[in-house]
Each structure stands twice: as structure tokens, then as C-alpha cells.
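S.K.: Sequence:
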Amino acid sequence: MMPFLRGRLLNGPAGGQRRQYIECLLDELERFYQRVSWSGEISEASWRALKSFHRELLALLY
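The opening residue of the sequence shown carries number 77 in my numbering; numbering runs sequentially from there.
Fair warning: there could be bad hints in the mix.
As the list claims (entries may be wrong) - Cut-off 20 Å, straight-line C-alpha distance, at most; resulting in silico cross-link-like pairs (EDC-like, lysine to aspartate or glutamate):
1. K127 <-> E99
2. K127 <-> E104
3. K127 <-> D103
4. K127 <-> E106
5. K127 <-> E117
As the list claims (entries may be wrong) - Per label pair, the in silico range of CB-to-CB distance:
6. Q96 <-> S128: 15 to 21 Å
7. L101 <-> A121: 17 to 23 Å
8. P89 <-> W123: 28 to 34 Å
9. W123 <-> G88: 27 to 33 Å
10. L134 <-> D103: 17 to 23 Å
11. R107 <-> R131: 14 to 20 Å
12. G92 <-> G116: 25 to 31 Å
13. H130 <-> R94: 16 to 22 Å
14. E99 <-> H130: 15 to 21 Å
If you are wondering where the hints come from, they were derived from the structure by calculation, not from laboratory data. Beta carbons: idealized from backbone N, C-alpha and C, even for Gly.
Throw the hints in and build the complete structure from the sequences for me.
M.R.: The structure is reproduced here in C-alpha cells:
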């Protein structure tokens, strides 16, 4: 999934600061996914973080 998101978001018309923001967001999302997958459960804080990532990614796509 991450390679798809990276390709989709970084191959668009993103330049300069927007591209850096996208790269940072995707790096954070990948680290988040690793932490949650290793923990074996999703806490309330993790759900809030996931919803935040969701909003950010939708804003970038549309």
C-alpha cells in the first residue's frame, strides 16, 4: 500500500514545500503503521491519529 500511495502522491504536480510535506506525511504514516502492527491492538489515540492521517491524505488527493 505504501508504494502505491508514494507513487500516487509524489508523481503528481507537487513541488517544493508541498512535496516535502507529502514525503514527511508518508514517512510518519509508515512509522505509525509499523507501531500499530507491532502492538497488536489499536488504542483510542491510534484511532485519532489514523483519522488525522485520513483527513490529510484526502486533502492531498482532492
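S.K.: Evaluate each hint against the coordinates.
M.R.: Each hint tested on the structure:
no. : hint                      : in the structure
1   : K127 <-> E99              : 18 Å, holds
2   : K127 <-> E104             : 14 Å, holds
3   : K127 <-> D103             : 16 Å, holds
4   : K127 <-> E106             : 15 Å, holds
5   : K127 <-> E117             : 16 Å, holds
6   : Q96 <-> S128: 15 to 21 Å  : 19 Å, holds
7   : L101 <-> A121: 17 to 23 Å : 18 Å, holds
8   : P89 <-> W123: 28 to 34 Å  : 32 Å, holds
9   : W123 <-> G88: 27 to 33 Å  : 28 Å, holds
10  : L134 <-> D103: 17 to 23 Å : 18 Å, holds
11  : R107 <-> R131: 14 to 20 Å : 18 Å, holds
12  : G92 <-> G116: 25 to 31 Å  : 39 Å, violated
13  : H130 <-> R94: 16 to 22 Å  : 19 Å, holds
14  : E99 <-> H130: 15 to 21 Å  : 18 Å, holds
Hint 12 from the earlier list is the only one contradicted by this structure; the remaining hints agree with it.
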